[in-house]
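Chemist: Here is what each chain is made of, one letter per residue.
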Amino acid sequence: EPEVTQTPSHQVTQMGQEVILRCVPISNHLYFYWYRQILGQKVEFLVSFYNNEISEKSEIFDDQFSVERPDGSNFTLKIRSTKLEDSAMYFCASTRTTDTQYFGPGTRLTVL
Amino acid sequence: SQQGEEDPQALSIQEGENATMNCSYKTSINNLQWYRQNSGRGLVHLILIRSNEREKHSGRLRVTLDTSKKSSSLLITASRAADTASYFCATRYSSASKIIFGSGTRLSIRP
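Quick note, the sequences are listed as chains A and B, same order.
Read in the numbering used here, the first sequence has 90 at position 89, and its numbers run on one by one without any break.
Read in the numbering used here, the second sequence has 65 at position 77, and its numbers run on one by one without any break.
Simulated from the structure, these hints should not be mistaken for laboratory data.
Worth double-checking, as some hints may not be accurate.
Said to hold, decoys possible - Quick list of in silico lysine-lysine cross-link-like pairs, DSS-like style, CA-CA up to 25 Å: (1) B/K57 <-> B/K14; (2) B/K44 <-> B/K58; (3) A/K58 <-> B/K44; (4) B/K14 <-> B/K58; (5) B/K44 <-> B/K57; (6) A/K43 <-> B/K58; (7) A/K58 <-> A/K43; (8) A/K43 <-> B/K57; (9) A/K58 <-> B/K14; (10) A/K43 <-> A/K84; (11) B/K44 <-> B/K14; (12) A/K43 <-> A/K79.
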């Protein structure tokens, strides 16, 4: 069964550094998402992406964040200058329609 | 806030018993989904119920939706140790494709 994959599984970075989190959505899916979950808290929506552009973003998704679909398979989340409070589990999700969203296993980002 | 809220926040039951978790939300939805998350791991999709549906089954899972009360319930029958996890409801509102997660129920199954 096709799955969403994410790399790396764990990323440790210094405050102020740039990080790129990578996702490979399910191949025939059209809608792509990033969510994050700070430890012990609920899953929060960051951004949705459709037809090569951002379709919706939350207040969390400020100028420090960007997303890109550089080729036909990868979907990336870049954080330009990481802050301590960016430490969280970041989940990528994809869907063919606007129904069931399939989530990847997540990337645990630790900012020191 | 449009977010769904689950109750209880935590539930501990004996293996073999049934577990019921509830979710309430605030505005009209297009669909509601339930996910499971094992500690520190990814989100596994369990079941989706649309706003025009009242009940769905999948194996030992039964989900109900009451749009008049803006609530849903997830029933896990004949619980097993492997069901120990956090369970989240997530709602999709008509105007957006994103889903909004509730705060989750931590389910523990005692052997």
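Chemist: Against each hint, give a clear statement of whether it holds in the structure.
Modeler: Hints, one by one, checked against the model:
Simply put, B/K57 and B/K14 have alpha-carbon atoms about 9 Å apart, close enough for the 25 Å limit, and the pair holds. For the given pair, B/K44 sits about 16 Å from B/K58 by alpha-carbon distance, which is consistent with the 25 Å threshold. A C-alpha spacing of about 31 Å is found between A/K58 and B/K44, which places the hinted pair above 25 Å, so the restraint is violated. Proximity of B/K14 to B/K58 is assessed by CA-CA distance (about 7 Å); at most 25 Å being required, the pair is judged to hold.
With a C-alpha separation of about 17 Å, the suggested pairing of B/K44 with B/K57 holds against the 25 Å cut-off. This hinted pair checks out: A/K43 and B/K58 have alpha carbons roughly 20 Å apart, not beyond 25 Å. For the suggested pair A/K58 and A/K43, the alpha carbons sit about 17 Å apart, so the restraint of at most 25 Å is met. About 23 Å separates the Cα atoms of A/K43 and B/K57, which keeps this hinted pair within 25 Å; it holds.
About 21 Å separates the Cα atoms of A/K58 and B/K14, which keeps this hinted pair within 25 Å; it holds. Between A/K43 and A/K84, the direct Cα distance comes to roughly 19 Å. Compliance with the 25 Å bound is thereby established for this hinted pair. Under the criterion of a C-alpha separation no larger than 25 Å, the hint pairing B/K44 with B/K14 is consistent with the structure, at around 21 Å. Restraint check: the Cα-Cα separation between A/K43 and A/K79 comes to about 21 Å, which is no more than 25 Å; the hinted pair holds.
Checked against the numbered hints above, the structure violates only hint 3.
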